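Model the full assembly from the supplied sequences, consistent with the hints where possible.
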Amino acid sequence: GAVVSQHPSRVICKSGTSVKIECRSLDFQATTMFWYRQFPKQSLMLMATSNEGSKATYEQGVEKDKFLINHASLTLSTLTVTSAHPEDSSFYICSASGLGSPYNEQFFGPGTRLTVL
Amino acid sequence: GDSVTQMEGPVTLSEEAFLTINCTYTATGYPSLFWYVQYPGEGLQLLLKATKADDKGSNKGFEATYRKETTSFHLEKGSVQVSDSAVYFCALRGGYSTLTFGKGTMLLVSP
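As they're listed, the protein sequences go chains A and B. With my numbering as the guide, the letters of the first sequence map in order to residues 140 to 256. With my numbering as the guide, the letters of the second sequence map in order to residues 766 to 876.
Here are the computed distance ranges between Cβ atoms for each label pair:
(1) Y804(B) to H146(A): 18 to 28 Å
(2) G766(B) to H224(A): 26 to 36 Å
(3) H146(A) to S848(B): 20 to 30 Å
(4) G155(A) to G843(B): 49 to 59 Å
(5) P805(B) to H146(A): 16 to 26 Å
(6) E202(A) to D819(B): 41 to 51 Å
(7) A818(B) to E198(A): 23 to 33 Å
(8) P805(B) to E202(A): 24 to 34 Å
(9) E198(A) to N787(B): 23 to 33 Å
(10) G826(B) to S144(A): 20 to 30 Å
(11) P805(B) to N190(A): 30 to 40 Å
(12) T219(A) to T835(B): 35 to 45 Å
(13) F783(B) to D204(A): 46 to 56 Å
Derived from the structure by calculation, the hints contain no laboratory data. Keep in mind it's a predicted model, so treat the numbers as computed, not measured. Just so you know, even glycine gets a beta-carbon here, dropped at the ideal spot from N, CA and C.
The following block contains the structure:
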């Protein structure tokens, strides 16, 4: 299947700083990318959906100004957590679907563990 | 709204035991149903899927049948291996084309 990478895999930052997480589709063009958040022993919660070249569509309850999503190319989307606080600590997972994906199948990245001190 | 409920884990089995992980869903219309697997340190991988009632998805010895009458999509495998140890997520995709996940069930298989 298609490969999606995320960088970094782990990040620790101080409260008040901003953190950028990258999601890349390595061998296909990702027309749509999704960002999820996962708490321990919880399901993946969709945060936002982004289409290349367009503004992201955020799920209800997700702060747009706090979680900035950019999908500037068909292979890269970024999630920036601005002014991070300890409650933003979580596991963030991206996925991507592309042209010709059967049933719009999503391919998932390995996730990024964010810890805010 | 859409929701997925799956059994809590961890499920602990010996090698070659029979596996069942229950999954039930609530959705309007006719969703597509999926099982994803997440091996330690890796991303989610699609394990199998079913797009309409009575369809059976299968892959790597795993099976699940889309049961509309019971709104279920239970995952089964006749003989598990140590390498099957992972977290399994049941999911559905409804009318808005976004995935709704269950909480995940950890499977631990011992030799």
